[in-house]
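A.B. asks: Sequence:
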Amino acid sequence: MTLDRSGSRIDHLNVAVPDLTAAVAFYGPVLATIGITKMLEIPPNATPNQPTAMTGFGLADVKPYFWLIDGGTVGTNMHLAFTVDTRDDVAAFHRAALEAGATSLLAPAVHPEYHADYYGAFVRDLHGINLEAVCHRVGA
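Going by the working numbering, the sequence shown opens with residue 7, and the numbers climb by one from there.
Honestly, the hints are just simulated from the structure, not real lab data.
All values derive from a computational prediction rather than experimental measurement.
Hints are not guaranteed to be accurate.
Lysine to aspartate or glutamate pairs mimicking EDC-like chemistry, simulated, CA-CA at most 20 angstroms apart [stated by the list, open to error]: (1) Lys69 to Asp17; (2) Lys44 to Asp76; (3) Lys69 to Asp25; (4) Lys44 to Glu105; (5) Lys44 to Asp67; (6) Lys69 to Glu47; (7) Lys69 to Asp91; (8) Lys44 to Asp25.
Could you build all of it, start to finish, from the sequences and the hints given here?
C.D. replies: Right, dumping it as structure tokens:
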């Protein structure tokens, strides 16, 4: 029996960035390669507890779950991994990220230190975030 490693209990994640416009321009085409699209833009002061602009990405017709928040500071050692369906998706994500200005940290490859079928690629985005696309499926 193969263990399904794709599930998560995280509903959404907010990432503060110093330049929302630059971050959205980077993430839009990169996330599109793995089926994640820009879904919602919230202007500053839309609610009393939300003074800055926000842009939400997610699965179309489902919900935004990855939010970029304007005017913030990226945390140290921040790492964000997106689960994808195939190894080709990992390669497409890596290529698109490099084309959008990211720096390659690790090219697409098997990483047996995590588990035998862990196939991922790592890049550093424009604000220093370590991003990854990972496929956990055998032979996908």
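A.B. asks: Which numbered hints turn out to be false for this structure?
C.D. replies: 3
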